[in-house]
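Student: Following the hints, put chain E in place on chain U, whose structure we already have.
Protein chains: 2
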Amino acid sequence: MDIAPSPLAQPFPAIPPVAGVTLRIARARYKQWDRCDLTYVELAPGTTVAGVFTRNVCCSTEVEMGREQVLLGSARALVVNAGNSNAFTGFRGREAVEQIMAQVAQHLECKPSDVFVSSTGVIGVPLPLDKAEAGVAAALNAVPCSWEDAANTIGTTDTFAKGAVATAVIGDRTVTLAGIIKGSGMIAPDMATMLGYIFTDAAVDPAFLQSALSAASDTSFNCITVDSDTSTSDTVLAFATGEAGNMPIASFDDTGADAFAAALFDICRQLSHLVVRDGEGAQKFIEIEVTGADSDESARRIGLAIANSPLVKTAIAGEDANWGRVVMAVGKAGEPADRDKLAIRFADKWVAQAGLAVDSYDEAPVAEHLKGQDISVGVDLGLGDGKAKVWTCDLTHGYISINADYRS
Amino acid sequence: MDIAPSPLAQPFPAIPPVAGVTLRIARARYKQWDRCDLTYVELAPGTTVAGVFTRNVCCSTEVEMGREQVLLGSARALVVNAGNSNAFTGFRGREAVEQIMAQVAQHLECKPSDVFVSSTGVIGVPLPLDKAEAGVAAALNAVPCSWEDAANTIGTTDTFAKGAVATAVIGDRTVTLAGIIKGSGMIAPDMATMLGYIFTDAAVDPAFLQSALSAASDTSFNCITVDSDTSTSDTVLAFATGEAGNMPIASFDDTGADAFAAALFDICRQLSHLVVRDGEGAQKFIEIEVTGADSDESARRIGLAIANSPLVKTAIAGEDANWGRVVMAVGKAGEPADRDKLAIRFADKWVAQAGLAVDSYDEAPVAEHLKGQDISVGVDLGLGDGKAKVWTCDLTHGYISINADYRS
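As they're listed, the protein sequences go chains U and E.
For the first sequence, the positions run 1 to 408 when our numbering is used.
For the second sequence, the positions run 1 to 408 when our numbering is used.
Copies of one chain are not kept apart here, so a pair can be met inside one copy or by any two copies together.
Only pairs whose alpha carbons sit at most 20 Å apart, straight line, appear in this in silico SDA-like list of lysine to any residue: (1) K341 - R94; (2) K341 - R55; (3) K371 - D405; (4) K387 - A354; (5) K341 - G292; (6) K371 - S401; (7) K341 - P126; (8) K389 - H273; (9) K341 - R92; (10) K341 - G90; (11) K341 - E95; (12) K387 - H273.
For the record, the hints were derived by calculation from the structure and aren't laboratory data.
Here chain U stands alone, though its shape is the one from the complex:
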């Protein structure tokens, strides 16, 4: 099956090298394909790490081990396998991950726990030990590659390479943050997995890096949805090599901490939006802003209920200003809401207020807005100060084609 690039695709940005980060790729041939499918990232000694992982309780071995590894706070390498998620493979899957960790650790003369492994692709098939071993050996000796090459290599059925860059000033140093991500394109019987990696030359204490990454994820990766399904392998890792030579950041009181956290959020937001823009079958990028909710968390849940509603998503695909479906989605969220205080807008045009259609409702400008690629939906609950933004794409025939028409 050949999938055309998403109409919402964006060009790969110019990302400079990040000191202490070397990218290499190789062919492990996890699937019958002629492309690189193993990414190896070498990180300078002293690199710190933080991570956020899927909440799916049927998570992969890679996720289980990654959760433990980030607690140790140090990293020397990352290996990403594409074409096989190694999820739901029991002890056999664990053996494969441990083999990769040992192989890289021997090469770098580091602890196996400093080697992070992710895998994405078919579920239920243990990662073949021989292919993994040969692939890692080839990658260790490959010439360094570009960010775009690495972004392409971690992808599976992504329709475009996804990367982002940001900078922050810390004291007298300008640090760079570079990120690549894959996700949301898939072919049955593979499973969509979001894998994101952020690299910075900043010196950052791992505990601070973790708290900054968790906070940034809450309003970026945790506020996007394509189809409400949660992968068994979702992972975002942030690595800080310290090569920029800034005074290490260990708390929000430290110089440049706010700037670094802002840059980290910026790159998380960029990367998360790119995943939505490559959502299966996506024709429109949708931002849903919820205000006036009981709390920020309540606003986020209401936003996700709207973003996950097949009826809302198909209405927007059909360029139909069907605000009744937004009302329905607010009501089913299970969060505090008062029907008679609810207001709904498309772009900046309020279509319903105080629980009923606005008297002077003119559908023409709303219909015009819905013809575009970037759609804005606003909901005001009229209850409190809680607010959130979530992002999703529309639900089209393309989603069905990708996920149902092809058979394994």
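Tutor: Relative to chain U, chain E alone:
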């Protein structure tokens, strides 16, 4: 837009008259269509009533009022409007419902609170007072009609008329339960609404009727899903005229109580399955059985997570034995689960056990099962005794066509 009958449609059953229940239909012309769209059911004096309603907090006026009316326990009439849901219409919508209640109450010389009103169709447009008044007037004077006529008249974009019948022996009397239901076909910008009505000639105390209906709903109407969206108007009402002359049932200690509750559950199950069989775009009817869960409620939530997963539904549409997606859906349910104890089957063929694919897995019989119209998926958690069955349909291009391709 013209929608072909669901391939899962079933013929309308032979339903006998129920003593104390008279059905009439009329043209209120809520939409530009040439069909009856107002159903009026007259109920004998002494009829008791119970109801279950949507949990959507943005519910319609009809639902709000219905909730209060069932607490009073008595009913004389039911009016169902098709083509306009009257939801999210504020005080104007309430005015329309009160007008209908008053008009019927005057005709029957009963209390307005004995007149139940439901509406289904477009959201956000107040039910027009003049059309409602003329429609009710016509219906009051219409000749009685059949169950099938009434089932067709409460429908909106349903592709077939849905009804069911059951009987129970109470002491020396055999009582009849008859039910009609609409739901799950829809055209933008209308909103799918499940409206179900059950009529019996049994004499049943309203409190017992309510507890029996609530219990039956928990494992029927509350265990079906088409697309995870919850209508603002969902309503199931049960009316008992008492004309069969049995000793009234007031508790499970009374003669025939178990038989009546079993028949009520039987009819609820039949009606709920018919809604799934008319699910938008449905090509396959799917039963998901969850066993070995921490509790029955946990099993139900896991079953619904599977049933609502777009990836599971598209895999089944594609006749793809993609059990990895079932694993994913179990894991995202947020319920107790242990990946390494999980077992999954299609029909009676276990495809995964103890957290990985079965060694001797032969896909051929599973692939054969998936080609059929009735699909059975089983999940055993291996944790406890909790169990549940839920029912859904597959997710196909038909769903997108119905909900996105047509514009208002």
